[in-house]
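Visitor: Sequence:
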Amino acid sequence: MKLIDRYILRLFLTSFLTVFVILFFIFALQTIWLFIAELAGKDLDAFLILKFLSMAMPRTIPLVLPLSVLLASIMLFGSLAENYEFAAMKSSGISLQRAMRSLIVFIVGLSLVTFYFANNVIPYSEFQFINFRRYIANSKPSMAIAAGQFSKIGDNFSIKVEKKKGEEGTFLEDITIHECSSNGLGNLKVIKANTGEIVSQPMNNSLKLILKDGFYYEDVVKNAYSYNNITYPFAKSHFKQYAINIDLSKLNKVDENQYVAGTNTMLKLDDLEYTLDSLNVNLKKDLMSQNDNLYLRSGMNSNISFAQINSAEVAPKANDQDMMSTLNATQKTTTLNIARGNIDSMLFTLESNAANLLGKLKNICAFKVAIHEKFVIAFSCILMFFLGAPLGAIIRKGGLGLPIVFAILIFISYHFINTFGKRLAEENGIEPFIGMWLATFILSPLAVLLTYRATNDIGLIQFDQIGDFFANIFSVLKNLATKKSESN
Numbered sequence: 003m004k005l006i007d008r009y010i011l012r013l014f015l016t017s018f019l020t021v022f023v024i025l026f027f028i029f030a031l032q033t034i035w036l037f038i039a040e041l042a043g044k045d046l047d048a049f050l051i052l053k054f055l056s057m058a059m060p061r062t063i064p065l066v067l068p069l070s071v072l073l074a075s076i077m078l079f080g081s082l083a084e085n086y087e088f089a090a091m092k093s094s095g096i097s098l099q100r101a102m103r104s105l106i107v108f109i110v111g112l113s114l115v116t117f118y119f120a121n122n123v124i125p126y127s128e129f130q131f132i133n134f135r136r137y138i139a140n141s142k143p144s145m146a147i148a149a150g151q152f153s154k155i156g157d158n159f160s161i162k163v164e165k166k167k168g169e170e171g172t173f174l175e176d177i178t179i180h181e182c183s184s185n186g187l188g189n190l191k192v193i194k195a196n197t198g199e200i201v202s203q204p205m206n207n208s209l210k211l212i213l214k215d216g217f218y219y220e221d222v223v224k225n226a227y228s229y230n231n232i233t234y235p236f237a238k239s240h241f242k243q244y245a246i247n248i249d250l251s252k253l254n255k256v257d258e259n260q261y262v263a264g265t266n267t268m269l270k271l272d273d274l275e276y277t278l279d280s281l282n283v284n285l286k287k288d289l290m291s292q293n294d295n296l297y298l299r300s301g302m303n304s305n306i307s308f309a310q311i312n313s314a315e316v317a318p319k320a321n322d323q324d325m326m327s328t329l330n331a332t333q334k335t336t337t338l339n340i341a342r343g344n345i346d347s348m349l350f351t352l353e354s355n356a357a358n359l360l361g362k363l364k365n366i367c368a369f370k371v372a373i374h375e376k377f378v379i380a381f382s383c384i385l386m387f388f389l390g391a392p393l394g395a396i397i398r399k400g401g402l403g404l405p406i407v408f409a410i411l412i413f414i415s416y417h418f419i420n421t422f423g424k425r426l427a428e429e430n431g432i433e434p435f436i437g438m439w440l441a442t443f444i445l446s447p448l449a450v451l452l453t454y455r456a457t458n459d460i461g462l463i464q465f466d467q468i469g470d471f472f473a474n475i476f477s478v479l480k481n482l483a484t485k486k487s488e489s490n
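FYI, the numbering for the sequence shown is 3 to 490, going by our numbering.
Everything labelled a hint here was simulated from the structure, so no lab data went into it. Treat the hints with caution; some may be incorrect.
Okay, derived cross-link-like pairs now, PhoX-like style, lysine-lysine, Cα gap no bigger than 25 Å in a straight line [stated by the list, open to error]:
no., residue 1, residue 2
1, K362, K286
2, K194, K162
3, K191, K210
Assemble the whole structure, with the sequences as input and the hints as a guide.
Guide: In structure tokens:
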């Protein structure tokens, strides 16, 4: 490697690593914000939170890496052009393509590493992340109660404890429980206890509290159908031990549809292709089964073929008499009702089959999208480099000012188009190949144009040409106005 290649590569790596760390930290904060509801109030220690983030962060790499390449390339080549280092290179016979050679090799290698990361690391982290979320939700029922504040448990209970003791936080002190009425009448029951214990087992959807040495208060509500005006006081009782079972199924409920739809993100390329083949085979079987079912319900014989018809025989003359005319009024009504019922049943079956097939088609499209996404993530690094490097050489600005503006505009456009195409492909709106590569197809000509203009020292916008264009328009309008005034 020549000195110029080492110099440019060193500058690029410095900018790239700096930008990558900053963006990774920003997306880490975004991840915390997205899952704050699952982390807050669960009494999780720092190790579990760091483990949670370590499993969630690999999914941000497809966003962080291309943006880092784009911003670093704009900053580097903008700085080289701003400091006239490119001018010195060109005077020495070094073109822009020659200056980019070492970085092109590095970016191609980075794309291969990115593909390996998208095909191996991200699926594994997604699998671990989903399981860990279930573990947090179900493994420790005591996490549902936070010390020093009221915790909403289930639909009807609000619990506050002053202290939690024990390794798992199962021993409680100074407990206050408000039980809300299911008919919206407010907190009719209040339970206070000096001590308590959580005896629920891990991975259980119920929270069992054993309360000791406390009081039970309940407001007595007057019957709505009572005609007397007697006011009832509250009921109070003392207990030595009192057991409460609280259903945590809604608290621990996770979005099963999200996990089912996200299973394609947990598979490698080989697994995706194998599963996709199985889904296509099942879809064909369902189509054949539904067709046979429709034939049977319609009363038609699907085995009839034109080859079975003997054209040499003369068919008997058809009976021109209307069949309905042979029936009386009651029979006609019954026949029409039966026919209407059969048609309604057939339409319902067709609509159900169509919805079922559409769901399976969307599932197939989701797997196709997951396959293309692995290649799109890898190629996006190359695309962002060929957008950023010539753009930096054209704008001739380094640092974190103007390069950030251009990088954000380009990346937001790319991400918006990519997300739009992905969603459309997952809904079976367009072919998954087109949807996933739509952003690449749109921005690749821009990369070629920028590279051409940077190589030939053509600016991003030719202000002289724009000025001449408007000057010509103004001249034409002025001449027209002059001729009109002379004619008058």
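Visitor: What are the numbers of the hints that this structure violates, sorted from low to high?
Guide: Per hint list: zero violations.
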